[in-house]
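Protein chains: 4
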Amino acid sequence: MLKVGLVGMGYWGPNLARVLNQSPKCEFVAACDLNPRNLDKITRQYPTVVGYRDFDAFLQSDVQAVVIATPISTHYELAKAALLAGKHVFVEKPIADAGSKARKLVELANKTQHTLFVGHTFIYSPPVIKVKQLIDSGDLGDIHYVSLSRVNLGLYQSDVDVVWDLAVHDVSILLYWLGEKPIRGAAFGRACVQSEKRDVAFLWLEFPSGIIAHNEISWLSPQKMRRTCVVGSKRMVVYDDMDSAEKVKVYDRGVNVKEPSNFGEFQLTYRMGDMYAPYLENAEPLLREIEHFVACCEQGVIPTTSGEFGAQVVETLEMVNRTDVASWNTSTMSSVGAQL
Amino acid sequence: MLKVGLVGMGYWGPNLARVLNQSPKCEFVAACDLNPRNLDKITRQYPTVVGYRDFDAFLQSDVQAVVIATPISTHYELAKAALLAGKHVFVEKPIADAGSKARKLVELANKTQHTLFVGHTFIYSPPVIKVKQLIDSGDLGDIHYVSLSRVNLGLYQSDVDVVWDLAVHDVSILLYWLGEKPIRGAAFGRACVQSEKRDVAFLWLEFPSGIIAHNEISWLSPQKMRRTCVVGSKRMVVYDDMDSAEKVKVYDRGVNVKEPSNFGEFQLTYRMGDMYAPYLENAEPLLREIEHFVACCEQGVIPTTSGEFGAQVVETLEMVNRTDVASWNTSTMSSVGAQL
Amino acid sequence: MLKVGLVGMGYWGPNLARVLNQSPKCEFVAACDLNPRNLDKITRQYPTVVGYRDFDAFLQSDVQAVVIATPISTHYELAKAALLAGKHVFVEKPIADAGSKARKLVELANKTQHTLFVGHTFIYSPPVIKVKQLIDSGDLGDIHYVSLSRVNLGLYQSDVDVVWDLAVHDVSILLYWLGEKPIRGAAFGRACVQSEKRDVAFLWLEFPSGIIAHNEISWLSPQKMRRTCVVGSKRMVVYDDMDSAEKVKVYDRGVNVKEPSNFGEFQLTYRMGDMYAPYLENAEPLLREIEHFVACCEQGVIPTTSGEFGAQVVETLEMVNRTDVASWNTSTMSSVGAQL
Amino acid sequence: MLKVGLVGMGYWGPNLARVLNQSPKCEFVAACDLNPRNLDKITRQYPTVVGYRDFDAFLQSDVQAVVIATPISTHYELAKAALLAGKHVFVEKPIADAGSKARKLVELANKTQHTLFVGHTFIYSPPVIKVKQLIDSGDLGDIHYVSLSRVNLGLYQSDVDVVWDLAVHDVSILLYWLGEKPIRGAAFGRACVQSEKRDVAFLWLEFPSGIIAHNEISWLSPQKMRRTCVVGSKRMVVYDDMDSAEKVKVYDRGVNVKEPSNFGEFQLTYRMGDMYAPYLENAEPLLREIEHFVACCEQGVIPTTSGEFGAQVVETLEMVNRTDVASWNTSTMSSVGAQL
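Chains as they are written, first to last, in the numbering used here: chain A, 50 to 389; chain B, 50 to 389; chain C, 50 to 389; chain D, 50 to 389.
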């Protein structure tokens with residue numbers, strides 16, 4: 050059974066520890082953290098886990114796969130070292146704090162022939178998977194546009210702004226659903242509370258197929274919203290993660306264009322049909338994610354959230370940031386949106 | 050009592066006829082429409098109203114004030130003629146299909162010393178007025194940003210796209226609330242159903258004070274949303290027009306920044322207080338609007354929704370349209386957002 | 050075409066006048082009201098309608114069908130006189146203020162071979178009809194129970210208490226859906242604001258098939274609720290009239306009982322399937338109701354809301370009132386619930 | 050520090066174990082369960098806890114307080130033995146399966162001068178406490194009535210019916226809020242899925258002050274509802290536990306009765322004011338409950354959910370069950386509602 054070690058026991062690490070311990074598909078054998086208190090807590094809770102304060106010593110243990118849940122700025126160096134040490138690597142989202150670093154990790158994983166996996170957990174959640182199935186089956190027709198809102202009050206992150214903290218989720222969902230990478234994008238935001246860090250932003254994205262997307266993200270909003278609307282030519286879907294009863298609703302609604310019989314105008318008719326909310330199984334995304342990672346390591350399968358996938362997410366964030374409102378008054382820009 | 054005549058009995062005109070007839074503040078004496086069937090219907094329902102098929106004859110009657118509810122492309126010519134004939138003018142929103150025409154009407158009204166009023170009805174609705182009071186009182190603190198969503202399925206307009214049809218409402222609300230005109234703006238949209246006409250768009254606006262705003266508008270959305278969120282440094286407000294019980298909710302929530310005592314980081318603390326939903330009186334906006342128009346005509350007061358106000362709305366729409374996504378690939382643009 | 054006359058232009062009458070005028074299926078020819086102002090208003094709005102202050106004169110006109118929208122206490126006398134004058138009769142709900150009077154009207158209508166119709170408008174509304182279809186099709190399986198809530202603040206009625214004002218709606222819906230009349234019932238309520246008149250009540254009903262029902266009604270409640278839940282052995286339905294988007298939701302949910310394989314306990318398994326909200330056409334119940342009345346008069350068909358149906362509604366209200374809490378301390382009662 | 054032992058590690062016990070371990074106010078020293086697997090799990094998770102399979106041995110340990118979380122039918126015997134052994138006792142709700150047994154426990158605790166505490170956890174939850182404060186402060190005026198709904202699909206209990214499983218919560222909340230015990234009550238329900246056990250029921254209660262209450266409970270309902278409405282003469286409150294954002298809403302609404310100036314009718318006017326949702330702290334009820342228990346043991350204070358309180362809850366359930374619909378046809382009953 051795959052021996053897995055975990056690096057980073059801060060905010061998110063303990064959740065990964067729980068599922069690593071819970072899953073019968075892998076063996077949780079080692080943990081690494083600079084902070085001895087964090088380390089103690091984990092090794093006390095999981096007595097069979099060996100604790101390491103030194104990352105090199107950790108890498109020299111018999112762990113076959115390394116799960117990295119440290120601050121974003123450290124992802125690149127830790128993942129690189131783990132790959133070079135011949136380990137499979139699971140790195141929390143985003144894969145790195147720059148697209149160029151992400152690309153280097155992808156190349157390195159190709160060279161070492163080991164799994165490089167990015168922890169975009171939403172991709173393993175039942176509602177996100179259900180919408181993906183609806184899109185791929187053709188039930189929705191051609192996708193016209195996607196609108197995503199992810200706002201609430203807090204939690205401010207100390208190391209990144211709201212785009213890197215929240216849009217990373219929505220961009221990963223978009224790339225997964227649409228299976229393509231945006232060719233143009235822009236961001237518009239404001240640093241309201243702290244002078245250097247945007248806490249609200251609005252993103253525009255355009256995809257090669259012509260689909261457009263919009264993403265509203267905020268740490269400074271009175272009501273919590275986790276709402277996504279996918280509008281297709283045949284059907285429309287609303288995925289509302291705050292709706293505890295029906296997270297995904299499929300609307301049999303649309304507009305039909307009738308060819309004008311003679312020189313008249315185009316006629317539009319509205320199609321108003323039933324709505325249905327498919328039953329969603331009650332699976333834990335994090336457990337699913339870890340077990341998919343283990344399966345990829347053992348069978349050499351390419352992960353749904355591969356290093357390549359994670360790199361595209363980071364590149365998209367970089368692209369939209371190149372055209373933030375702060376640069377509107379720099380007349381040197383030659384186009385509204387940045388292009389990849 | 051002010052004698053009022055109405056031009057245009059199509060989709061919206063009958064509503065204006067109803068309140069003109071209902072109000073004790075004015076006398077509804079004349080109606081004008083090219084279509085004899087529309088005209089007949091009105092004069093039968095309001096027997097004291099004289100019907101005119103000819104606009105010139107209508108202008109030569111004893112009406113003192115003219116209410117124009119015709120297609121947008123005709124607003125300019127009809128309003129101009131009415132002003133030149135020495136009438137007060139109420140013209141439906143938007144005031145004209147171009148900022149330059151709007152400006153000419155404003156100048157003309159100044160010259161003739163008559164009231165020029167634009168029918169931005171939302172400005173007279175209880176929840177919009179309540180939010181204005183909250184902003185002006187300082188209860189919300191400094192405004193950080195405003196996010197507005199106005200989406201549903203249909204109704205497609207034959208003469209204008211979704212920006213001119215729906216954003217006109219939100220832009221008027223923004224200008225009223227903030228009391229300033231945006232200095233930068235851009236739009237991003239797509240013509241999904243008909244090749245020439247956008248049915249979904251996302252607008253960005255930036256105001257001189259630094260406030261930013263976002264507006265999502267769509268004719269192609271499965272759920273109807275009429276939601277506006279105003280985030281201030283002290284309090285936050287959600288105005289949801291689809292909530293039949295509590296349209297305005299005021300949240301005593303925010304983020305406080307504590308000065309770092311020594312070389313440490315800034316500390317953020319969240320303020321989570323009560324929410325309250327002020328009682329809103331049950332007044333009809335349209336009736337209020339007409340009675341404000343009548344009062345302006347009679348007392349020479351400047352309307353809340355003056356010609357100047359309506360011109361600024363049209364100029365804002367023109368500004369955002371200058372930077373639509375369609376122009377992203379034209380490398381001749383020198384800046385992301387258009388500037389006034 | 051059937052010539053129809055309307056009696057009573059108070060609170061509800063003008064709505065009936067509007068649809069009588071609007072429908073192409075009948076001719077609205079006469080109106081009767083004691084109050085000359087009410088009468089004037091109607092005859093001015095509908096100039097072809099002849100106004101009568103005297104009911105006998107009204108009955109001697111050429112009206113073939115009489116629509117009665119007067120206070121409840123007058124229903125019996127007016128309906129009786131109209132039937133005796135050889136007219137078809139539409140009487141607003143409830144048909145009379147006592148079951149015995151309702152029965153006399155039913156007998157009289159049988160004798161005169163004219164239509165006796167009760168204005169239970171909800172029976173003609175799209176969501177109520179949709180639930181009826183779901184029940185009758187067997188889609189819901191056997192019905193276990195129905196729970197109905199109808200509460201809000203106001204409007205207090207001057208002539209009746211909350212049971213006669215609000216439960217009349219829910220009881221009519223229940224009788225229509227289930228096609229049977231309750232054999233037992235009781236009410237529990239309180240007169241909170243006025244000493245003699247209950248403004249909140251809870252009703253229990255039991256039907257011959259074993260189905261039970263509960264009805265919560267109140268004039269004294271802060272949130273408006275119009276919610277009905279029908280629980281069947283195969284599926285469950287929620288009909289929420291306050292939900293502007295999806296009034297009827299069908300849940301493929303339930304509990305299955307597995308026979309114990311050996312001496313063990315019965316095993317229960319939950320069935321959690323999709324939910325769907327059928328599209329409901331946007332028809333006006335009042336217009337449908339009036340046109341069904343006209344069709345019944347002309348074709349001799351028995352109305353869905355016949356005199357017999359209306360009498361059963363009144364008898365049910367009388368039954369539950371016989372066991373109100375006020376009588377709990379009378380030790381002469383021999384059973385908890387009243388029996389018909 | 051108080052040494053606490055826990056009996057019963059089934060469905061609910063592990064939650065109690067967690068807070069006993071978490072609280073700095075007590076020492077979690079012993080656990081007792083017949084099932085060695087349950088016991089192993091707890092002692093492995095909390096290595097300092099000593100496990101006992103034998104209840105007598107457990108009682109002979111140095112535990113000073115015993116927390117009982119076993120099936121209802123065993124509450125009486127275990128609590129009795131613990132009290133006789135000189136321990137303080139926390140017993141899960143309901144205190145016993147019969148009022149007579151509850152009374153014996155109360156007497157025994159009085160005699161032994163030890164704390165007898167019943168685990169009615171809702172009484173320690175922030176929204177329930179907030180409503181209690183609103184009632185006690187007089188802000189709501191005189192309470193007219195309370196309506197409580199607690200319905201969802203499952204979980205069927207194997208040992209009790211829906212009244213003992215769900216109404217126990219609502220009755221405890223009612224007794225806590227109103228500070229009085231009902232003098233009359235009745236239940237109406239149906240055993241839909243299993244022939245012997247009611248899975249839906251409707252309860253009526255009347256209190257000495259004249260307040261009435263209604264409770265709808267069901268294991269067989271498609272939507273989850275946890276809604277309580279308290280109607281007072283001055284204000285009204287809705288406590289909706291399913292609302293993740295605002296659980297308690299206070300409405301400044303009501304009806305005023307104006308004395309008739311002369312022989313006229315009473316005039317009613319509606320008061321429609323603001324709504325507000327007080328901020329509720331994010332405290333865990335279970336932890337609060339355990340810490341209140343510890344304080345009572347140590348300081349000899351009478352618990353909010355004392356044995357007396359728990360006995361009144363059980364007596365209320367017994368009272369309403371005496372008049373279930375099943376007994377409607379027994380003509381020997383002399384009154385509609387049972388009296389205590």
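Note that these hints are calculated values from the structure, not bench results. One or more of the hints may lead you astray.
[To be verified] Ranges between beta-carbon positions, derived for each pair: (1) D:T318 to C:L83: 21 to 31 angstroms; (2) A:K160 to C:Y319: 27 to 37 angstroms; (3) A:R86 to D:E245: 54 to 64 angstroms; (4) C:G59 to B:N331: 50 to 60 angstroms; (5) D:A294 to B:V306: 46 to 56 angstroms; (6) A:D292 to C:Y319: 11 to 21 angstroms; (7) C:L204 to A:Y319: 30 to 40 angstroms.
[To be verified] Distance condition first, Cα-Cα at most 25 angstroms in a straight line; then the derived DMTMM-like pairs of lysine to aspartate or glutamate: (8) B:K307 to D:E245; (9) A:K160 to A:E340; (10) D:K307 to C:D323; (11) D:K74 to A:D89; (12) A:K283 to A:E357; (13) B:K129 to B:E347; (14) B:K181 to D:D301; (15) D:K90 to A:E76; (16) A:K230 to A:E357; (17) B:K273 to C:D105; (18) C:K246 to D:D301; (19) D:K246 to C:D191; (20) A:K150 to A:D105; (21) C:K283 to A:E340; (22) D:K273 to A:D290; (23) C:K150 to C:D89; (24) D:K273 to C:D208; (25) A:K181 to A:D289; (26) C:K273 to A:D89; (27) B:K181 to B:E340; (28) D:K273 to C:E340; (29) C:K52 to C:D105; (30) D:K273 to C:D191; (31) D:K230 to D:D105; (32) A:K307 to C:E330; (33) B:K273 to A:D191; (34) D:K273 to A:D191; (35) C:K153 to C:E357; (36) A:K273 to B:E347; (37) B:K74 to C:E330; (38) A:K283 to B:E245; (39) B:K179 to D:E347; (40) D:K153 to D:E357.
Glycine included, C-beta positions come from ideal geometry on N, C-alpha and C.
Do the hints match the structure? See the list:
no. : hint                                 : result
1   : D:T318 to C:L83: 21 to 31 angstroms  : holds, 27 angstroms
2   : A:K160 to C:Y319: 27 to 37 angstroms : violated, 51 angstroms
3   : A:R86 to D:E245: 54 to 64 angstroms  : holds, 55 angstroms
4   : C:G59 to B:N331: 50 to 60 angstroms  : violated, 22 angstroms
5   : D:A294 to B:V306: 46 to 56 angstroms : violated, 25 angstroms
6   : A:D292 to C:Y319: 11 to 21 angstroms : holds, 20 angstroms
7   : C:L204 to A:Y319: 30 to 40 angstroms : holds, 36 angstroms
8   : B:K307 to D:E245                     : violated, 63 angstroms
9   : A:K160 to A:E340                     : holds, 24 angstroms
10  : D:K307 to C:D323                     : violated, 52 angstroms
11  : D:K74 to A:D89                       : holds, 23 angstroms
12  : A:K283 to A:E357                     : violated, 31 angstroms
13  : B:K129 to B:E347                     : holds, 20 angstroms
14  : B:K181 to D:D301                     : holds, 23 angstroms
15  : D:K90 to A:E76                       : holds, 19 angstroms
16  : A:K230 to A:E357                     : holds, 11 angstroms
17  : B:K273 to C:D105                     : violated, 52 angstroms
18  : C:K246 to D:D301                     : holds, 23 angstroms
19  : D:K246 to C:D191                     : holds, 18 angstroms
20  : A:K150 to A:D105                     : holds, 21 angstroms
21  : C:K283 to A:E340                     : violated, 36 angstroms
22  : D:K273 to A:D290                     : holds, 17 angstroms
23  : C:K150 to C:D89                      : violated, 32 angstroms
24  : D:K273 to C:D208                     : violated, 37 angstroms
25  : A:K181 to A:D289                     : holds, 15 angstroms
26  : C:K273 to A:D89                      : violated, 55 angstroms
27  : B:K181 to B:E340                     : holds, 20 angstroms
28  : D:K273 to C:E340                     : violated, 39 angstroms
29  : C:K52 to C:D105                      : holds, 17 angstroms
30  : D:K273 to C:D191                     : holds, 21 angstroms
31  : D:K230 to D:D105                     : violated, 36 angstroms
32  : A:K307 to C:E330                     : holds, 22 angstroms
33  : B:K273 to A:D191                     : holds, 21 angstroms
34  : D:K273 to A:D191                     : violated, 36 angstroms
35  : C:K153 to C:E357                     : holds, 10 angstroms
36  : A:K273 to B:E347                     : violated, 48 angstroms
37  : B:K74 to C:E330                      : violated, 40 angstroms
38  : A:K283 to B:E245                     : holds, 20 angstroms
39  : B:K179 to D:E347                     : violated, 54 angstroms
40  : D:K153 to D:E357                     : holds, 10 angstroms
Figure legend: structure checked against the earlier numbered hints; hints not met, in rising order: 2, 4, 5, 8, 10, 12, 17, 21, 23, 24, 26, 28, 31, 34, 36, 37 and 39.
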